[in-house]
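Engineer: Please dock the two separately framed chains into a single complex, following the hints provided.
Residue numbers (this note's numbering), protein chains in the order written: chain H, 1 to 252; chain D, 1 to 536.
Just so you know, these hints were derived from the structure itself, not from any lab. Don't take every hint at face value.
Short derived list, chain H residues pointing at chain D, Cβ under 10 Å [unchecked claim]:
| # | residue |
| --- | --- |
| 1 | 61 |
| 2 | 62 |
| 3 | 71 |
| 4 | 114 |
| 5 | 208 |
| 6 | 214 |
| 7 | 227 |
| 8 | 229 |
| 9 | 234 |
| 10 | 246 |
C-beta: ideal position from N, C-alpha, C; glycine also.
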Amino acid sequence: MRVQAGPGKAGGSGMGEDRFSMGTPQSARDDERVKFSYQGVPYQVPAGLTIMRALEMAGFQILHGSGCRAGFCGACATVYRDAGSPEVRVALACQTPLHPGMDVSLLSYVPVHRADYDVAASADAAGEVNRLYPELATCLGCNTCTKSCPVDLDVMGYVGALLSGDLPRVAELSFPCVSCGLCAARCPAGITPFTAALHARRAVGRRAPRAPELARRIAEVHAGAYDGELRHLRGLDRAVLEAAYHAREIRA
Amino acid sequence: MAYLPGFHPALSRVAATRDHRMQENMEPLDPEAKQALLRQFHPDHRADASRPIPFGPNAGEPCARELVDLLAASSRVDPARVRLDPPDDDVDVLVIGGGGAGAAAALVAAAQGARVLPATKLRLGDSNTIMATGMAAATGPDDSPAAHFLDTIGGGHFSNVPELVEAMVLDGPSIIAWFEDLGVMFDRSADGNFVLGTAGGYSRRRTHSCRDNTGLEMMRVLRDELLTRHIPVLEFHPAVELLLDETGRCAGALLQHLDTGHLRVVRARATVLAAGGMGRLHCHGFPTSNHYGATGDGVVIGYRAGALLLFMDSVQYHPTGVVWPEQMFGWLVTERCRALGAHLVNVEGRRFIYERQTRDAVAAAIIGECERGLGVTTPSGAGGVWLDTPVIDRLSGGRDRPRLAAMSARFRRFGIDIWQEPILVYPTQHYQNGGLRIDVHGRTSVPGLYAAGEVAGGVHGRNRLGGNALLDVFVFGRRAGADAARCARDVAPGRLGLQHVIDHNRRADPDAVVRSPLVLPRYAAPDPRLSETFHA
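Bound-form chain D, shown alone (with noise of 0.2 Å):
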């Protein structure tokens, strides 16, 4: 679906102010400014944006509302007709999540000797990794992990755990020769070296890529590597809880098989929680960048097992997710537009925000744009501003199109042209800035529980930059799988027991609808024949 007609007087100040609009300068916002706009208008700050944990090793720190359902809604699980001996597999180290975390810390336990058990609610790969346009790290001749530490906790607002950023910045430069071993396709000038390219708040070219797909082709290559490796992978089995030993040490996973709804008890020497993040919890009704899986269940089965989390009332929404047309509502439309010159343009044909400003400071720009009725209204009522992508063409004389190239193809699916249109955008639900507290190895603060990935908190602080979260996964997610496979070889675990989640349903909310984790969701359209409260 082309742009319809009453697109087209807003269309046409697009293009008539573009050339203006070249010759433009725009500056970055001062930190006064930009601490303003945040509290205008970041998502976050708004007064129901979260809530206190009702109860918990967290208790009473506020937390993304959407998610406190869940934290405080009973368990999906009963454990009073659960079963859990004998268990159905006896590993040294469980795996949850199948995503790029989840992917290396199997591979890297399972070359340290460790069986290996890694276990997915979806496919292996099925995650947001895969859909990853570029990876930080400081390979760049005038670039240092210094500086990339400086960039991230300055991104961040200074909360970052500064211990987790210096392990990731200085692992980067190795997880990119690990790529490279494995044969990942990086994209290179003639003489070897990366094309690198920049995202918001970086002071460096710092982001690697493959083409625009960067994060499928190092999924996808990775899957290739477990199974040539001849690692199991337990697909559509989902974690609904974890198990704890009389210790309070974690020893495993209660899976869920998807179709049957049969549960499988594994017990495991290590644990790792790769589980990924919330973006379809949709907080604030927000549309989200997220894939089919992201409801939080790792944080939610993590907490509940009475490890720490860290930020939870901090979301990043991505600047730019499509409006229309409105089969892509919600998509993201990667920020290598912004890098690469794209203007952020309201209905007057104006620029509003320096567009390389990060993340959360560009996103509050756009929504106040909107909401000061500067915005592009489609017909079904959402509102919008243009990312104009010509004058990426522009700039570079039509050069940069292979590097947008997978996203252009998506564009034309759907009737637009984004070499001679703009794009319609506004923000998207993007990433849990939170999660659980780990240290440097990637252990919780549960004996035996690992975490990697978006499932953790604190390497990025209140803001994630672009390129850190395809970093932050295999750096954490190998960090968690050496150690993990280390720890099993020392420890054993008790009796297999779930005495948490029944600590836990006797504090739940009785009148909570919803049962946690939410696993799926809740997509399907209701029974129009059955009430609401009814089903619910």
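One chain only, chain H, in its complex shape (with noise of 0.2 Å):
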């Protein structure tokens, strides 16, 4: 069960006997009503709404498919279907407008795959994706990834980065990548793209230039550098750590 009908009376979990307000104010329309469904079934909720928004106003109580309600975190992966329109898309929840006459379905868990690996060990984290990830070879060249991305990723662009070996590619691509997952569940020849560019990113990543000033800062902090001026600070009068606070230099 992903998301609970109504208000949630008594029973079943429990969960839902006492009812919160958004207490936000009204962010749609009454006076303007529209028809969708969820599932196959008919409701009808003011426009101007996402299609979480509608979900909720419908009387659905979310448990699986909202999480940072912002575009961030890929909870909300949908499906849906306009009206009149015979193709099956996809779309973030709470990013995406609700269009009068959609039937819609959350679609908030996809059963991908992922291979562990040590990210500190591989001298050849290229090879290292390509060997985890054998299915990137059968890449159908079909695009339905990149269609399928509720973030307008250039997914197919990616995989044949990956494919190069071109990691820097990889992560410069797919970096926004909320991990929503609707790429692998669309993909014909079973590739989960992004997980396999998380770790293309983390090989880039860990083999960075490092900061040539980090290390000796981190080797002051241990050999107690600071600790003298961090004591005094702490042993100031609040009226003296106050003007001290106001007269410090502002260089940023």
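Structural biologist: Shown next, in the form of structure tokens:
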């Protein structure tokens, strides 16, 4: 069960006796109502909502499929079909305005494949990713993954870069990935592009040129180089500390 | 939904005044003026903002009223009906919460050989961590942990627990190195140095970033590492009460599966509470930038188990939450916009506050501007001021666009080009400044119970600086995980009990319609066939 219908009266999970208002100004136009379906069952809600808020306004308490509600976390992967269109499309429910006539279903979990690796160990990360994800080589070039990405990444482009071993290019193209899993759910070749890309990004991050001063700063901290200054600050009277704060030099 | 025609006159005033404003020099408020502004307009200072906690270790102390309702409510657990023996899981360290603090605690405890069980309400990573834009750490050549300390403690109005601030600023550089080793892709210049940003209240450039997906990048790497280490994570299992043994020591927790409602008893030698904050309580009816699960559960169950709280009357409202388009209402507009030079502008096209003041002051100034009738009103009656993002483009010649790539993409989806048009903003509930009192190892006042991250209080005093939350969660998550693993070697929990919940339920408000912890906000529209009182 991904959503719980109704305000959750007692029984079942016992998690829904209490109601709590969203407490925000009405973010919907009540004078104009829109029809949509959730898993084929019709509902009517005010116009101007995202898919996620439309579900809630229709009475659903979302259990799986709501996370950050701001487009970062990929919890709310959704499949839908617009009225009159044959095409099943994908979206993030929190990021997508409801269209009248939409038929929607949350797809809040994709059982994706990933391979274990030690990010510190491998000398040949590009070879390792391709060894761990041999199905990358079976890419049909159909571009379904790219069409399925709700944050508009060039997924097929980075699959190509994985195959050619250009990991910095993979990192560049895949960086905003929200790990929703839709690319893997739709790939006809059985590829899980985003877990392979995460491996590639970690390899790139691990091998990036290190900040030259960081090791020295850490060594200073461990040697106690700042302890005296901190002890001094901690020992100051409130008034003296406040004066020191307001007098500090701003170089930001 | 782009800006409706009703916005056009106000939008043209923003464009028409931009050149002039860019020549203007705004001065920071002096300390007295800042305090006066806070007293007049910050929501914490409203007469009805807080209420005394009715009973328990902090009885009589002020607390955000929305949280008092939950602290005083009966438990959602009826101890008389729960069989605790035998436990379902028997572990060294139970970690409650799947954000940055919980993931860090679990990794560190497991690395020390502890048997670790991380349990989380939603999915691993569903947290505020994942939305964070920047992480502070004193790594810059002209920066130092002492400067970081002074900025943090001044930003917190000198109310911070100094030992905690000291621990945080000293660990900062090592946390960055830890993430380098894990393969996090920091923004760097060609020579390897970090691209450092700033935030309100900083005296040095100090925030590290991974484009504007910093928290996302760290969280997905930590999640991947937990999976690689084969640390099993119990998702969709919120903790609904802690368990205490006969000596009052924390001995695990009672979890409840979100789907089935079945209870799961976890016995643990040490428990790390990393359950996050309470934005979804919508204090004063504010919207929130927080993730779906931020319902204050950690403070509720921790307090019930006897843990002391700090600063629970202090809530951070982030100055720039989205007001328009309405589908984005309450979402955060990163402070980086102001750090990169965006102006805050009222309906007349005038700046009204030094934009890099601390968050509490900037939020109060925006609220004040709207209360004085100088805000911009949307068709549904919400008010806000402009955040003039095109200024960033003008100042940087377009070079700063990649640093706000994720944010501009989100606005583009709703028809707004932030490089051409300003953003309408108003404060949004963002952070719980207070929480469970901890020491530098993350120990609460209850033996065997640790707290880390937003659920803990004291590090930030009464106002947190931007970039310090992301550092805090990892510093104290790691410290708590390490100490919990150490402590688990030396202790054995006694008999699991819920006597503290029985005692709590006796004192709880019998008239309260809610039971706590809340677990999820109630956003589902009520059944129109039923009266409110019927299903309350």
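Engineer: A separate judgement is required for each hint: does it hold in the structure or not?
Structural biologist: Hint by hint, here is what the structure shows:
Given hint, residue 61(H) at the interface with chain D, holds; its Cβ is 4 Å from that chain's nearest Cβ, closer than 10 Å. Interface restraint check: residue 62(H) against chain D, minimum CB-CB distance 8 Å, threshold 10 Å, status holds. For the restraint placing residue 71(H) at the interface with chain D, the shortest Cβ-Cβ distance is roughly 5 Å, inside the 10 Å limit, so the hint holds. The criterion of a C-beta within 10 Å of any C-beta in chain D is met by residue 114(H), whose closest approach is roughly 7 Å, and the hint holds.
Proximity of residue 208(H) to chain D holds as hinted, the smallest CB-CB distance being about 6 Å (cut-off 10 Å). For residue 214(H), the suggested interface contact is upheld, since its CB lies about 6 Å from the closest CB of chain D, less than 10 Å. This hint holds: residue 227(H) has a C-beta 8 Å from the nearest C-beta of chain D, less than the 10 Å allowed. Residue-level restraint check for residue 229(H) holds (minimum Cβ-Cβ distance to chain D is 4 Å; threshold 10 Å).
Nearest Cβ of chain D to the Cβ of residue 234(H): about 5 Å, under the 10 Å cut. The hint holds. Interface restraint check: residue 246(H) against chain D, minimum CB-CB distance 6 Å, threshold 10 Å, status holds.
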